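Asks: Chains C and P supply the protein sequences, listed in that same order. The numbering used here puts the first residue of the first sequence at 1, with every later residue one more than the last. The numbering used here puts the first residue of the second sequence at 1, with every later residue one more than the last.
No wet-lab data here; the hints were simulated from the structure. Quantities reported herein were computed from a predicted structural model and do not represent experimental measurements. Built from N, CA and C at the ideal position, the CB exists for glycine as well. Don't take each hint at face value.
Claimed, not checked - A few chain P residues facing chain C, derived, Cβ under 7 Å:
| hint | residue |
| --- | --- |
| 1 | His-53 |
| 2 | Glu-101 |
| 3 | Leu-105 |
| 4 | Pro-111 |
| 5 | Met-113 |
Said to hold, decoys possible - What follows is a list of derived Cβ distance ranges for each label pair:
| hint | chain 1 | residue 1 | chain 2 | residue 2 | range |
| --- | --- | --- | --- | --- | --- |
| 6 | C | Glu-524 | P | Arg-63 | 39 to 45 Å |
| 7 | P | Arg-123 | C | Pro-175 | 53 to 59 Å |
| 8 | C | Arg-515 | P | Asn-150 | 29 to 35 Å |
| 9 | C | Trp-521 | P | Arg-63 | 41 to 47 Å |
| 10 | P | Arg-63 | C | Ile-16 | 55 to 61 Å |
| 11 | P | Asn-150 | C | Ile-16 | 39 to 45 Å |
| 12 | C | Trp-521 | P | Pro-100 | 18 to 24 Å |
| 13 | C | Ile-16 | P | Lys-148 | 18 to 24 Å |
| 14 | C | Trp-521 | P | Arg-146 | 28 to 34 Å |
| 15 | C | Glu-524 | P | Val-83 | 18 to 24 Å |
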Amino acid sequence: MYKLFLCLRYLRKRRIAFFAVAAVCLCTAMVLIVVSVMGGFLQMVRDRSRGMLGDLIMENASLQGFPFYQEFIDLMKAELPDRIEEATPVIISYGVIRFPTDQITKPAQIVGIRLAETMRVNEFGKGLFYETYYPGTTTLGPVRMPCVGFDEAGRPALPEDLESAWQRWRSSASPAQVAKAPIEESLRYGRPGYYAPVPAEESGGPMAPGWYGRELPGAIIGTDLCARREPDGSFTRYYWRGYPVTLTFVPFTDTGKPLETGSGMPSKLFRYVDDCRTGVYDIDSMSVYVDFDLLQDVLEMDEQRLSEKAGGGTIPPRTTQVQIKLRPGVDPRQTRDLLVQRWQEFYVSRIEGLRTPELIRRVMILTWEEKQAKFIGAVEKEKVLVTTLFGVISVVAVFLVGVIFHMIVQQKTRDIGIIRSVGATSLGVAQIFIAYGAAVGVIGGALGTALGTAFVWRINEFQDFLRWLDPRLEVWNAEVYAFDRIPNTVQAWDAGVIYVVAVLASIAGSLVAARRAARVWPVEALRYE
Amino acid sequence: MSDVILQAAGVHKSYQLGRVSLPVLRGVSISIACGEFVAIMGASGSGKSTLLHILGALDVPDRGTVRFEGQDLFAGPASRRDVLRNATFGFVFQFYHLLPELDVLENVLVPCMVRRSVAGWIRARSEHRRDACRVLEQVGLSHRLRHKPNELSGGERQRVAIARALANRPRVLLADEPTGNLDSATGREIMGVLGTLNRQGQTIAMVTHDPQVAACAHRIVTLEDGRIKSGRG
Ligand SMILES: Nc1ncnc2c1ncn2[C@@H]1O[C@H](COP(=O)(O)OP(=O)(O)OP(=O)(O)O)[C@@H](O)[C@H]1O
Ligand SMILES: [Mg+2]
Numbered sequence: 001m002y003k004l005f006l007c008l009r010y011l012r013k014r015r016i017a018f019f020a021v022a023a024v025c026l027c028t029a030m031v032l033i034v035v036s037v038m039g040g041f042l043q044m045v046r047d048r049s050r051g052m053l054g055d056l057i058m059e060n061a062s063l064q065g066f067p068f069y070q071e072f073i074d075l076m077k078a079e080l081p082d083r084i085e086e087a088t089p090v091i092i093s094y095g096v097i098r099f100p101t102d103q104i105t106k107p108a109q110i111v112g113i114r115l116a117e118t119m120r121v122n123e124f125g126k127g128l129f130y131e132t133y134y135p136g137t138t139t140l141g142p143v144r145m146p147c148v149g150f151d152e153a154g155r156p157a158l159p160e161d162l163e164s165a166w167q168r169w170r171s172s173a174s175p176a177q178v179a180k181a182p183i184e185e186s187l188r189y190g191r192p193g194y195y196a197p198v199p200a201e202e203s204g205g206p207m208a209p210g211w212y213g214r215e216l217p218g219a220i221i222g223t224d225l226c227a228r229r230e231p232d233g234s235f236t237r238y239y240w241r242g243y244p245v246t247l248t249f250v251p252f253t254d255t256g257k258p259l260e261t262g263s264g265m266p267s268k269l270f271r272y273v274d275d276c277r278t279g280v281y282d283i284d285s286m287s288v289y290v291d292f293d294l295l296q297d298v299l300e301m302d303e304q305r306l307s308e309k310a311g312g313g314t315i316p317p318r319t320t321q322v323q324i325k326l327r328p329g330v331d332p333r334q335t336r337d338l339l340v341q342r343w344q345e346f347y348v349s350r351i352e353g354l355r356t357p358e359l360i361r362r363v364m365i366l367t368w369e370e371k372q373a374k375f376i377g378a379v380e381k382e383k384v385l386v387t388t389l390f391g392v393i394s395v396v397a398v399f400l401v402g403v404i405f406h407m408i409v410q411q412k413t414r415d416i417g418i419i420r421s422v423g424a425t426s427l428g429v430a431q432i433f434i435a436y437g438a439a440v441g442v443i444g445g446a447l448g449t450a451l452g453t454a455f456v457w458r459i460n461e462f463q464d465f466l467r468w469l470d471p472r473l474e475v476w477n478a479e480v481y482a483f484d485r486i487p488n489t490v491q492a493w494d495a496g497v498i499y500v501v502a503v504l505a506s507i508a509g510s511l512v513a514a515r516r517a518a519r520v521w522p523v524e525a526l527r528y529e
Numbered sequence: 001m002s003d004v005i006l007q008a009a010g011v012h013k014s015y016q017l018g019r020v021s022l023p024v025l026r027g028v029s030i031s032i033a034c035g036e037f038v039a040i041m042g043a044s045g046s047g048k049s050t051l052l053h054i055l056g057a058l059d060v061p062d063r064g065t066v067r068f069e070g071q072d073l074f075a076g077p078a079s080r081r082d083v084l085r086n087a088t089f090g091f092v093f094q095f096y097h098l099l100p101e102l103d104v105l106e107n108v109l110v111p112c113m114v115r116r117s118v119a120g121w122i123r124a125r126s127e128h129r130r131d132a133c134r135v136l137e138q139v140g141l142s143h144r145l146r147h148k149p150n151e152l153s154g155g156e157r158q159r160v161a162i163a164r165a166l167a168n169r170p171r172v173l174l175a176d177e178p179t180g181n182l183d184s185a186t187g188r189e190i191m192g193v194l195g196t197l198n199r200q201g202q203t204i205a206m207v208t209h210d211p212q213v214a215a216c217a218h219r220i221v222t223l224e225d226g227r228i229k230s231g232r233g
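Construct the complete structure from the given sequences, taking the supplied hints into account.
Replies: Right, dumping it as structure tokens:
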């Protein structure tokens, strides 16, 4: 009983123990913050990778792409309906985007997608801005520009179809979502997004809201390419929805030669119909999404007739990637192996007489993890490295606990003699200090876990505050870390493990002092005042 | 009063000072009878404290035996001596040696806590508290239960120390210069307390170099040159 009693009493009365508690607390918090942020970063990388890609990716890592994709998709969907939920071809090409108002050009990754299919294969749809608040209104097909006009009562209003889409979203969304909708207060129509007023030349009659201008194909633009990120995390859009942009393409032949067109590089006008945010800065600051068939056509990746001079025949249509979504619970690796086998059986009969058989032979099927393995692996290594580093730093805390306990034992030598003289065993005396160490660990660890968790939860606000003090104090640069927000979740498992380690480390720190306490020779301790 | 409770025979003890061995006790033999009040006198440095510590199983002799009720104190594991110190002997030191973080009552209860496990303590707490209060009343301190040692006078501290020594109703009370740090009036009070205890049957061995204090005892033995030189009564 005396062990518990004295341990608690010393904990209350010895101020110096608070230093030990504080040291344990800070180290626990530090390690927890590092593990949480790095772990969260890793999780984000994984989630986003999968969200961007789907479960399996088929590609040959070339700009020319590979043929027979549609036949293979159809075949597999028919043969493996219980495994494959959806599959869609994607063309990834490079080019230039130009915004006519400010005549700014930027490099762009021009991605050809089938919008509806892509939204089923991966999380692309979730990152769309206008599509979220005006469901069903984003298309890549030819569109005109939606303009704000005035209703009969003279209030500013959106075109009828957009207004009803907004109402549809609002009635299906939760009140919290509605409250969070980024309604532009300065724009008098009071709806999310940025819309142009009815152009002057059209407003001969009543300035009714509606769709104006000529029809142009739609393009979805990466959010960081067409909007400014505000410190509070919202975006200010530079361009009206439906505003024209020019894309310039860089086409290649199937053999990889630059395509010779009569009038230089092909260029085309599009309308900015929506913007898309994956959360990966590198993608959001570069990508422009257009219709698959249109891009295939522009890049001459559709079916091509070869001239007599080139040997005649046709080149089948090509894609650069196929993204595949598996049914829930289906093992991606196993399905990947199965698809690889099917693909090899599939192409042997078709490769005959093809001008570029290598494009087919090089097709790989990867899981999303394999596709991103380099990046995920690097982040994983970084996590282990940083955690180890901070773990090593935490050894300092163990030393500090050791030193503080050593001091306490030294100060308390006489008291140890006293309790030995009334019958305490040397083991019992040691246990007082071990229990004391455990108590320091339990309290310090708990405080540290709480502190670390609170810090991680508020980490983005903290960073915003630092940036507000001085922009140079920004620690998390979206362009470096790919994600715009610092991960801010704490895994209960991480916290638990760190807490247990903190308690064990504190006990370890107290062991030397406890041993010393056990060896106090009572007669010596009691000889003097 | 003739049955011997504590008996030392040929006890040797020397301290190592660097290379030199300093003999302090050189064959001390002493018997203490049950209910006896023995005073041990001697010059400073003659080894009185050392002898008392050995008698109370706090220190170990180099040679010789100490028997408590016929049983060798130093046979068996060290834990046996821990138990004996807790339940059989009560120590009172010249410098009181109270735990500064604990109040009077808690100081007196420490030996009881040492004896009990947590569960045992919770069960027997009120009983121990009652005992401790009774002992504190015996030494005249029942009005100071919640005071810390640094709020007490020297005499009061020594009374607390006596009360603590008595907490587990020891068979033998060992007092090392209990009045050494007190003025003579306070010293007399403490001796009064010890005398009363002795009349109630408590066996006491006390070290002192004050002949007046020693006079309260039944018998005075003197340590000289590491041996018992004289005995009286
Ligand atoms: N740990 C030690 N190391 C070396 N010498 C010691 C040690 N403890 C005691 N001594 C020596 O042993 C001798 C006896 O000490 P002890 O404390 O028993 O004397 P004492 O008779 O109680 O003296 P006092 O009346 O001053 O209390 C002294 O000379 C002391 O210096
Ligand atoms: Mg002495």
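Asks: How does the Cβ-Cβ distance of Trp-521/C and Pro-100/P compare with 18 to 24 Å: does it lie in that range?
Replies: holds (21 Å)
Asks: Given Met-113/P was flagged as interface, is its beta-carbon under 7 Å from a beta-carbon of chain C?
Replies: holds (4 Å)
Asks: Kindly confirm whether 55 to 61 Å is satisfied by the beta carbon distance between Arg-63/P and Ile-16/C.
Replies: violated (43 Å)
Asks: Is 39 to 45 Å right for how far apart the beta carbons of Glu-524/C and Arg-63/P are?
Replies: Since Glu-524/C and Arg-63/P have Cβ atoms about 20 Å apart, the given range 39 to 45 Å is violated.
Asks: Quick check on His-53/P please, does its C-beta sit within 7 Å of some C-beta on chain C?
Replies: holds (5 Å)
Asks: Are Trp-521/C and Arg-63/P spaced within 41 to 47 Å by their CB atoms?
Replies: violated (19 Å)
Asks: Can you tell me whether the CB distance of Ile-16/C to Lys-148/P sits inside 18 to 24 Å?
Replies: holds (19 Å)
Asks: May I ask you to test the hint 39 to 45 Å on the CB atoms belonging to Asn-150/P and Ile-16/C?
Replies: violated (19 Å)
Asks: Given the range 28 to 34 Å, decide if the beta-carbon distance of Trp-521/C to Arg-146/P lies inside it.
Replies: holds (33 Å)
Asks: Verify the CB-CB distance for Glu-524/C and Val-83/P against the hinted window 18 to 24 Å.
Replies: For Val-83/P against Glu-524/C, whose Cβ atoms are near 22 Å apart, the range 18 to 24 Å holds.
Asks: Using 7 Å as the Cβ threshold, decide whether Pro-111/P counts as touching chain C.
Replies: holds (4 Å)
Asks: Are Glu-101/P and chain C close enough, Cβ to Cβ, to be under 7 Å, as the hint says?
Replies: Holds - the Cβ of Glu-101/P comes within 7 Å of chain C, reaching about 5 Å at its closest.
Hints 3, 6, 9, 10, 11 from the earlier list are contradicted by this structure; the remaining hints agree with it.
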